[in-house]
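**Student:** Each chain, written out:
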Amino acid sequence: MKRRLLIFLSIFVLAASISARAETDAEVEARKAALDLAGAFSNEGFKIRDGHWCGTVKQNDHALVAVNLYAGNQYWFSAGATEPAKKIAVSVYDETGKQVTTEDYNAGEKAAAGFSPTNSGQYFVSVDLVEGQAGSFCLIYSYK
Amino acid sequence: MIRLTRLGAIGLIGGILAAVGAETGRLPADQLAKAVRSDSISIPTPGELFAALEKPGKTDWSGQYRGPIPITYRNRAQIALNLGGLIADGFIAVEAKDSQQVKNIGSDIIKLAKALGVSENLLSRGNSINEFAENNEWDTLQEELEATQNEVKSSMQSHSDQDLVILVSLGGWIRGTQVVSGAIMQNYDARSAKVLRQPALVKFMQSKINEISPELRGEPLVKDVNEQLAGIEKLVSFPADKTPSVDEVRKVNKAVDKVMEEIENKAVAR
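First to last, the protein sequences are chains A and B.
Sequence positions in the first sequence follow the numbering used here and run 1136 to 1279.
Sequence positions in the second sequence follow the numbering used here and run -8 to 261.
No lab work stands behind these hints: they were computed from the structure.
Be careful, since some hints might not be right.
[As the list claims (entries may be wrong)] Okay, derived cross-link-like pairs now, BS3-like style, lysine-lysine, Cα gap no bigger than 25 Å in a straight line: (1) 105/B - 49/B; (2) 199/B - 214/B; (3) 225/B - 245/B; (4) 245/B - 1222/A; (5) 257/B - 1279/A; (6) 88/B - 1279/A; (7) 1279/A - 233/B; (8) 1233/A - 245/B; (9) 1193/A - 25/B; (10) 1279/A - 1193/A; (11) 1279/A - 245/B; (12) 194/B - 242/B; (13) 233/B - 49/B; (14) 46/B - 233/B; (15) 194/B - 1233/A.
[Stated by the list, open to error] Simulated restraints on C-beta separations: (16) 1178/A - 180/B: 26 to 32 Å; (17) 1265/A - 19/B: 19 to 25 Å; (18) 1268/A - 65/B: 53 to 59 Å; (19) 1194/A - 121/B: 46 to 52 Å; (20) 1193/A - 65/B: 37 to 43 Å.
[Claimed, not checked] Some chain B residues close to chain A (C-beta under 8 Å, calculated; not the full set): (21) 20; (22) 28; (23) 34; (24) 35; (25) 38; (26) 42; (27) 48; (28) 60; (29) 63; (30) 188; (31) 192; (32) 232; (33) 242.
This one's a predicted model, so the numbers in the text were calculated from it and none came from an experiment.
Cβ coordinates follow ideal geometry from the N, Cα and C atoms, glycine included.
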């Protein structure tokens, strides 16, 4: 309960705080959706990273971010999007650009990919628009 | 691997679960090169590194403590680097489930942050750290430590000190790598050793340092650390499927020990 409260408090604190690039209302909403989804994984012992990445998801365009992961850990990458984006997907690629096998969760404007790397190093997480029009999205990740 | 069943149980009914990702594909190199890289998501926390280290077996976390560091630094770059290192120490104390150590480090973090003039909102973070430590809320403490680090960075950005942000991250990574390589040397395990492979991460931090102002980059400590990072990058650039040997781990440890010693003790003008 306390953790959930902290998560939601942090949304508002971060939304209010000054950052290099101010977030739009849609991005704050998308982040809330992503945190909602990631909160489910915290019941399984996953710790949610405080960092996040927001942007716009468009048709035929990978929104791509580089992450550095450790072999032995398990990760969930959770994304939320806002209208007019209707359905999104999250996928993970290794440092050579090859897509890796993930456990997937898709529920319209929320999606997540679970991954346990066997090698440490750089990976790329892609957020893609599956249905609908371009909209804001936010990605966060959790690990254990 | 990861059970999804609880998702449904907490109201996310209607989701479509699939055990394996859809069709596999490949992204071209030019697309990978354009991927976003940011301090807040591309640089892992010390907590992530320590979580991976602990997977194969128990780690003697309290054995990884170091003596108190001077918190009277006057050079801002040195404060930022040591602040990152102290935050990593906080993660170690959380792993050791040592509430007194967490409180001591939390207090030092606030003192160092004050020296940078970024403490207005941090006092409440310090109180939260104490409260969570007293209540043994270890998972929440990890999140609080990262949130504290991010608040320091956010405050730096709003005080036009954005160049110091990467130094906080770098200090944390160096201290984390020092602890992990030291622990692996004490009790070598091939699975643990694999966590040391992070060439892209070091390259990213180097690129961020090369973006900071020439004045700051030219400061003796920052210059030294940056130069040593080039050597460290080579030491952590193992092929993806190769497990670092004990000797390779020792080399990494020696290199990060040296740079950590400078961060802690180098006498730098204000």
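**Student:** Give a verdict on every hint.
**Tutor:** These are the hints, each one checked on the structure:
Taking the CA atoms of residue 105/B and residue 49/B, the gap is about 36 Å. The hint is violated against a cut of 25 Å. Restraint check for residue 199/B and residue 214/B: satisfied, since their Cα atoms lie roughly 13 Å apart, inside the 25 Å limit. With a CA separation close to 13 Å, the supplied pair residue 225/B and residue 245/B stays within the 25 Å bound. For a cut-off of 25 Å, the pair hint linking residue 245/B to residue 1222/A is broken: about 49 Å separates their Cα positions.
Using a Cα cut-off of 25 Å, the hinted pair residue 257/B and residue 1279/A is violated, with the two alpha carbons roughly 36 Å apart. A threshold of 25 Å between alpha carbons decides the hint, and for residue 88/B with residue 1279/A the separation of about 17 Å falls inside it, so the pair holds. Our distance criterion of 25 Å between C-alpha atoms is met by residue 1279/A and residue 233/B, whose separation comes to about 23 Å. This hinted pair does not check out: residue 1233/A and residue 245/B have alpha carbons roughly 34 Å apart, beyond 25 Å.
Restraint check: the Cα-Cα separation between residue 1193/A and residue 25/B comes to about 16 Å, which is no more than 25 Å; the hinted pair holds. Distance restraint check for residue 1279/A and residue 1193/A: the Cα-Cα separation of roughly 31 Å exceeds the 25 Å cut-off, and the hinted pair is therefore not satisfied. Taking the CA atoms of residue 1279/A and residue 245/B, the gap is near 28 Å; set against the 25 Å cutoff, the hint is violated. For a cut-off of 25 Å, the pair hint linking residue 194/B to residue 242/B stands: about 18 Å separates their Cα positions.
For the given pair, residue 233/B sits about 23 Å from residue 49/B by alpha-carbon distance, which is consistent with the 25 Å threshold. Distance hint between residue 46/B and residue 233/B is fulfilled; the C-alpha atoms sit about 18 Å from each other, no more than 25 Å. The hinted pair formed by residue 194/B and residue 1233/A meets the criterion: a straight-line CA distance of about 21 Å does not exceed 25 Å. For the pair residue 1178/A and residue 180/B, the supplied restraint of 26 to 32 Å holds, since their beta-carbon distance comes to about 29 Å.
Distance hint check for residue 1265/A and residue 19/B: the Cβ-Cβ separation is about 21 Å, which falls inside the suggested range of 19 to 25 Å. At roughly 54 Å, the beta-carbon separation of residue 1268/A and residue 65/B lies within the given 53 to 59 Å, and the hint holds. Between residue 1194/A and residue 121/B the beta carbon distance is about 49 Å. The supplied range of 46 to 52 Å therefore holds. As the Cβ distance of residue 1193/A to residue 65/B is approximately 49 Å, the hint placing it in 37 to 43 Å is violated.
Because the closest C-beta pair between residue 20/B and chain A is about 7 Å apart, less than 8 Å, the hint holds. Taking 8 Å as the C-beta contact cut-off toward chain A, the hint placing residue 28/B at the interface holds, the least distance being around 5 Å. Interface restraint check for residue 34/B: the shortest CB-CB distance to chain A comes to about 7 Å, inside 8 Å, so the restraint holds. Because the beta carbon of residue 35/B sits about 5 Å from the nearest beta carbon in chain A, less than 8 Å, this interface hint is met.
For the restraint placing residue 38/B at the interface with chain A, the shortest Cβ-Cβ distance is roughly 7 Å, inside the 8 Å limit, so the hint holds. Interface restraint check for residue 42/B: the shortest CB-CB distance to chain A comes to about 6 Å, inside 8 Å, so the restraint holds. With a cut of 8 Å, the hint placing residue 48/B at the interface with chain A is violated, because the nearest CB-to-CB distance is about 11 Å. Below 8 Å, beta-carbon pairs count as interface contacts, and residue 60/B has none with chain A, the closest being about 24 Å; its hint is therefore violated.
Annotation: residue 63/B was flagged as interfacial toward chain A, and the flag is violated, the nearest CB pair being 29 Å apart, outside 8 Å. The beta carbon of residue 188/B comes within 4 Å of a beta carbon in chain A, closer than 8 Å, and the hint placing it at the interface holds. Given hint, residue 192/B at the interface with chain A, holds; its Cβ is 4 Å from that chain's nearest Cβ, closer than 8 Å. Interface hint status for residue 232/B: upheld, as the beta-carbon distance to the closest one in chain A is roughly 6 Å, under 8 Å.
For residue 242/B, the interface hint is violated, the least distance from its beta-carbon to any beta-carbon of chain A being 17 Å, above 8 Å.
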